[in-house]
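Asks: Residue numbers (our numbering), protein chains in the order written: chain A, 139 to 447; chain B, 139 to 447; chain C, 139 to 447.
These are calculated hints, taken from the structure and not from any lab test. These figures come from a predicted structure and were not determined experimentally. Incorrect hints may appear among the rest.
Each pair may be met inside one copy or between any two copies, as identical chains are not told apart.
[As the list claims (entries may be wrong)] Straight-line alpha carbon distances no greater than 30 Å define the calculated DSS-like cross-link-like pairs of lysine-lysine that follow: (1) K143 - K423; (2) K292 - K151; (3) K177 - K282; (4) K346 - K423; (5) K143 - K171; (6) K171 - K257; (7) K143 - K420; (8) K177 - K420; (9) K252 - K292; (10) K420 - K313; (11) K177 - K423; (12) K333 - K314; (13) K257 - K420; (14) K257 - K282.
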Amino acid sequence: MTQEKDCLDLSNKSVEEILELVALAEAYEAGQKPKALNKDVKVANLFFENSTRTVTSFQMAEHNLGLSRFDVNLAASSVKKGETLSDTLKTVEAIGMDIAVVRHSEDGWFDQVKQEGVKLALVNAGDGAGVHPSQTMLDLLTIKQEFGRFKGLKVMMVGDLSHSRVVNSDAHVFKKLGMGLTFAGPKEWWNDDLKHYGKYVELDDGIKEADVVMCLRVQNERLDDKEASSFSAEDYIKHYSVNEARAAMMKPTAIFMHPGPVNRDIEIESALVDGARSRIFKQMKNGVFARMALLTKVLEANEWMEDEA
Amino acid sequence: MTQEKDCLDLSNKSVEEILELVALAEAYEAGQKPKALNKDVKVANLFFENSTRTVTSFQMAEHNLGLSRFDVNLAASSVKKGETLSDTLKTVEAIGMDIAVVRHSEDGWFDQVKQEGVKLALVNAGDGAGVHPSQTMLDLLTIKQEFGRFKGLKVMMVGDLSHSRVVNSDAHVFKKLGMGLTFAGPKEWWNDDLKHYGKYVELDDGIKEADVVMCLRVQNERLDDKEASSFSAEDYIKHYSVNEARAAMMKPTAIFMHPGPVNRDIEIESALVDGARSRIFKQMKNGVFARMALLTKVLEANEWMEDEA
Amino acid sequence: MTQEKDCLDLSNKSVEEILELVALAEAYEAGQKPKALNKDVKVANLFFENSTRTVTSFQMAEHNLGLSRFDVNLAASSVKKGETLSDTLKTVEAIGMDIAVVRHSEDGWFDQVKQEGVKLALVNAGDGAGVHPSQTMLDLLTIKQEFGRFKGLKVMMVGDLSHSRVVNSDAHVFKKLGMGLTFAGPKEWWNDDLKHYGKYVELDDGIKEADVVMCLRVQNERLDDKEASSFSAEDYIKHYSVNEARAAMMKPTAIFMHPGPVNRDIEIESALVDGARSRIFKQMKNGVFARMALLTKVLEANEWMEDEA
Chain A
139 MTQEKDCLDL SNKSVEEILE LVALAEAYEA GQKPKALNKD VKVANLFFEN STRTVTSFQM
199 AEHNLGLSRF DVNLAASSVK KGETLSDTLK TVEAIGMDIA VVRHSEDGWF DQVKQEGVKL
259 ALVNAGDGAG VHPSQTMLDL LTIKQEFGRF KGLKVMMVGD LSHSRVVNSD AHVFKKLGMG
319 LTFAGPKEWW NDDLKHYGKY VELDDGIKEA DVVMCLRVQN ERLDDKEASS FSAEDYIKHY
379 SVNEARAAMM KPTAIFMHPG PVNRDIEIES ALVDGARSRI FKQMKNGVFA RMALLTKVLE
439 ANEWMEDEA
Chain B
139 MTQEKDCLDL SNKSVEEILE LVALAEAYEA GQKPKALNKD VKVANLFFEN STRTVTSFQM
199 AEHNLGLSRF DVNLAASSVK KGETLSDTLK TVEAIGMDIA VVRHSEDGWF DQVKQEGVKL
259 ALVNAGDGAG VHPSQTMLDL LTIKQEFGRF KGLKVMMVGD LSHSRVVNSD AHVFKKLGMG
319 LTFAGPKEWW NDDLKHYGKY VELDDGIKEA DVVMCLRVQN ERLDDKEASS FSAEDYIKHY
379 SVNEARAAMM KPTAIFMHPG PVNRDIEIES ALVDGARSRI FKQMKNGVFA RMALLTKVLE
439 ANEWMEDEA
Chain C
139 MTQEKDCLDL SNKSVEEILE LVALAEAYEA GQKPKALNKD VKVANLFFEN STRTVTSFQM
199 AEHNLGLSRF DVNLAASSVK KGETLSDTLK TVEAIGMDIA VVRHSEDGWF DQVKQEGVKL
259 ALVNAGDGAG VHPSQTMLDL LTIKQEFGRF KGLKVMMVGD LSHSRVVNSD AHVFKKLGMG
319 LTFAGPKEWW NDDLKHYGKY VELDDGIKEA DVVMCLRVQN ERLDDKEASS FSAEDYIKHY
379 SVNEARAAMM KPTAIFMHPG PVNRDIEIES ALVDGARSRI FKQMKNGVFA RMALLTKVLE
439 ANEWMEDEA
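If we strip away everything but chain A, and leave its shape as in the complex, we get (with noise of 0.2 Å):
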């Protein structure tokens, strides 16, 4: 497996490499200890937006690996003072942290700060609407399990398709994984972008085929801006969310899924969220070991962990 110091994108990843990060992170699922680091690595937490679940699932990803956490307190921060997100990172890279795992608003910021010379191994948590590695992964270990196989699957994604890295990110690694995709959501909300990955159908047609629904997160503020919208969170309701009746069309064996955080009653029932066919929460517990897996991976190439054989 070619080693990369950094963990920003699984794009250009091969389908080898992927699969090998799902049977990692199966494994420590499975009790599997991490290996031994060998020297106190520090890593610094640095989310310019706001993140509860990601950021708390890579404190305890880097806490069962026995990782030095820093977390930086950007709401007090030198970002404030007008500093450059490359300058941010040589700072924390000058004081000694070894790892910077970023969330930040713009897309491909890791690009940026690389040209810019910043050498500390980075970690990529989100950038803007591009990718979202380490949770295409955690989706990809919910669906491991469930399945045992990506090939042949077919996952519908629903909702707000325009503005989310979720899909971005996961769509172009399903396809290569060879699980096919489509797409359901108000059309304003479509990107056409993801018609490389799948086409666009009718909710109630899609769901009748579908092994995966993952639901996606409406932005509120897109179903308050009544002006800038014809939807309105009935209409949202009424035509895309996944209730009772919608359910009873399933597969036998199909799941929903979501990256959270869920509006209960907007996307899915509230009752189905904690229902037999939901895996929201699984994928939640999946994160860990799925970051975990990811990180495990910079450890080794950057020679802090003995390599897996």
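Since the structure of chain A is provided, determine the placement of chains B and C on it from the hints.
Replies: Then chains B and C, alone, in the frame of chain A:
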């Protein structure tokens, strides 16, 4: 002792159980080392309301017990994205937390989240105008250190009686332990529910009888809001502030307490805060031992720490 | 060496004491391991003013020394409830903290809190427009590494002279160590108190003589406030920015420094920040060793770490 997997409210505990908790807190204060944990116990601190002393005190108690600590930054969280408290707690549970220490503005937040299927161990660090069990425990520890007993002691609570979870929380347990209660403060801030625990008295009468004068924090906005109240800061000070003259009326052995943070020269004359009768900083010190005792019971009940026979 | 239980201000230290601190920082930089602690030393970081580099640098220094670290979230704190700084510090002391690292906007905050009875060890991470001892130490370490000595070196400070605790803090100690100082910058931002340390010069004159050109951060609001100032960003850049043309006038061995965060292309031309003469990122790296040295002296003075010698 009935073992409860959570620590939510002391009001359903027996006198024996409460005395056992006080004894354990005293033992920690005297230097007793906590028993070893049998697993890596992970605790998430989720403070939805402002706090310095309570959160820092819990952090120290967790540190002293050897817990792995995760402080969830709620200012930058999914809560702002409209997630329910239950979903936030299910998320941290899925991520692998064993215990959540929660302060939340909603009275009895824990009842609902337990009904909604939250399973990780919960510690109530204050619920709305409900209860504040770790504050009650530290108040008990402070009184026990001073007088060696509870039965027959007279406690007067002074000030903002209507909005204080400290009053609610303490009054019930104090009465159960055989302490006599009186209440003083602006009549407009009186809370009729307190009649069950003791009677309203004039400060200058009650103060002569009390063993413990517990001053309550006045919310600044209550004094500022001159439209809604006939009270001003000057009126409050004149009628309800514990000053040198009033302190001189107290029994020789009587003490002041205050849950903090103190508005110096409002609830108490500043010199008295640091004076011989004040146990205010002692209370803060005791908070750590009180919280260690409460958390120890949670650890034992969950079988993460050997039970003390 | 006189042992001080706090680290508040370097100005009362002797030349020998300062050189000993620099030597210790150099030893840490060269890989010397800190001595073991004889107890679990708990440090609270209380930053009442925004910071990334200083707080993260202190955290790393604390980590490297084996301290137990508590980062107090002041955005969600009792400070908002009107608590005095002394009461906040007495609270963290009562909770069991051994050391408080504090940045606060009030000049000389430590004098008042010591008068008011705060007893835990205090480390000044910057007081208003007062001093910033750990910044001065890292500046000294950087100069020592470069030139091997202090005596006779010429240092020019450029920019916003009137509001900078870096200037105040450095000027006193630099002079004591035998360095010669000059100052350049907008006359409106000149601070008459600096006459004691050196004279005001034209940038283009002074830059030819200087061994160290220390650029000071311009507060953005100072350039934006066109009403109050005859200066604009363009004026500042024209007259005071260290650009390629000015850098070409410098001695071959001269270096730039900057306390950060840098406004690229304002105080210094962006390419120079990353160029051969820049020690800006080296300063950030040195900050950790400088803080380890200062904290070591606090640990020794409190007898929590075996004294060297």
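Asks: Any of the earlier hints contradicted here, and which numbers?
Replies: 9
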